[in-house]
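Protein chains: 2
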Amino acid sequence: MNKLAVKPCELCDSAGDEALWQDELCRVVLVADRDYPGFCRVIVNRHVSEMTDLDAATRQELMRVVFAVELALRQLMQPVKINLASLGNMVAHLHWHVIPRFVDDKHFPGSVWSEARRSGVPRSVDRAALRQVLHNLLQAVAE
Amino acid sequence: MNKLAVKPCELCDSAGDEALWQDELCRVVLVADRDYPGFCRVIVNRHVSEMTDLDAATRQELMRVVFAVELALRQLMQPVKINLASLGNMVAHLHWHVIPRFVDDKHFPGSVWSEARRSGVPRSVDRAALRQVLHNLLQAVAE
Numbered sequence: 030m031n032k033l034a035v036k037p038c039e040l041c042d043s044a045g046d047e048a049l050w051q052d053e054l055c056r057v058v059l060v061a062d063r064d065y066p067g068f069c070r071v072i073v074n075r076h077v078s079e080m081t082d083l084d085a086a087t088r089q090e091l092m093r094v095v096f097a098v099e100l101a102l103r104q105l106m107q108p109v110k111i112n113l114a115s116l117g118n119m120v121a122h123l124h125w126h127v128i129p130r131f132v133d134d135k136h137f138p139g140s141v142w143s144e145a146r147r148s149g150v151p152r153s154v155d156r157a158a159l160r161q162v163l164h165n166l167l168q169a170v171a172e
Numbered sequence: 030m031n032k033l034a035v036k037p038c039e040l041c042d043s044a045g046d047e048a049l050w051q052d053e054l055c056r057v058v059l060v061a062d063r064d065y066p067g068f069c070r071v072i073v074n075r076h077v078s079e080m081t082d083l084d085a086a087t088r089q090e091l092m093r094v095v096f097a098v099e100l101a102l103r104q105l106m107q108p109v110k111i112n113l114a115s116l117g118n119m120v121a122h123l124h125w126h127v128i129p130r131f132v133d134d135k136h137f138p139g140s141v142w143s144e145a146r147r148s149g150v151p152r153s154v155d156r157a158a159l160r161q162v163l164h165n166l167l168q169a170v171a172e
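These protein sequences, in sequence, are chains Y and D.
As numbered in this note's numbering, residues 30 to 172 make up the first sequence, in order.
As numbered in this note's numbering, residues 30 to 172 make up the second sequence, in order.
Bear in mind the hints are in silico, worked out from the structure with no lab data behind them.
Every residue, glycine too, gets a C-beta built ideally from N, C-alpha and C.
Each hint should be verified, as a subset may be incorrect.
Some residues of chain Y that are not near chain D, with every Cβ distance over 12 Å (derived) [said to hold, decoys possible]:
hint, residue
1, Ser43
2, Asp46
3, Glu47
4, Ala61
5, Arg70
6, Ile72
7, Phe96
8, Pro151
9, Ala157
10, Ala158
11, Asn165
Stretches of chain D that chain Y covers, calculated by requiring three or more beta carbons in the stretch to come under 8 Å of a beta carbon on chain Y [claimed, not checked]:
hint, stretch
12, 52–65
13, 129–141
Just chain Y, same shape as in the assembly (with noise of 0.2 Å):
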């Protein structure tokens, strides 16, 4: 067997937390994880699970998005660097993660999907700010 077995999506079903943004194609939210404060996903609308189950102009619009999501993270928070990832293998939906990473984090330098390095540092992100940041910088698209 080499199919991913075939069961009702979640991000299909659910529109998840409140988005930070959303247009027809995709929408931003922000992962409630402690560990990981401005850690936000890029979800698409429609169900597909590769970027190339997507024509060519519509993968650069879904980029403009996620790279509007780490400029935000980025003009917020300073972290020491930004995590993109569209791995999918347990849900696989289309979405990118997006996460703000710093030197004091919980995994920092692993992958936030690697073992826990310390317990990591109590931080916070302004989501008014965020959701605002991010509507200037995709203001063209959003209005």
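Model the placement of chain D on the given structure of chain Y, informed by the hints.
Chain D only, in chain Y's frame:
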């Protein structure tokens, strides 16, 4: 301290393995990982850390190469999923991981950075064929 240590950059100092494809912007190398045949890295030639350190047109060109690698790997290996990631926590020189995943690989459905779940199944990729498919897909830039 919340800055990455300044040290010689291994992606600046070395071209790494022989490139499958390259242009002025970036190079594509096949990673020598016995558990992940087909694992490729797309490495930017200049020393920048984040996608948003590049201008929008350059980001777009880089992603065009990343997605060509994804498509080449899908065509040649029919993986159950492609994983894309730009992390750079260890080496803060912009590079993308493009990893074909299979349900019987060492970590599935975990990320390749998570704890191993099994020993994995031997698999191989035809390097010459991958190189050829990639050249065909990127022909307009490479030639």
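Hint-by-hint comparison with the structure:
no. : hint    : in the structure
1   : Ser43   : 20 Å, holds
2   : Asp46   : 22 Å, holds
3   : Glu47   : 25 Å, holds
4   : Ala61   : 20 Å, holds
5   : Arg70   : 14 Å, holds
6   : Ile72   : 15 Å, holds
7   : Phe96   : 6 Å, violated
8   : Pro151  : 15 Å, holds
9   : Ala157  : 22 Å, holds
10  : Ala158  : 18 Å, holds
11  : Asn165  : 15 Å, holds
12  : 52–65   : violated (count 0)
13  : 129–141 : holds (count 8)
Consistency with the previously given hints fails for numbers 7, 12, ordered from lowest to highest.
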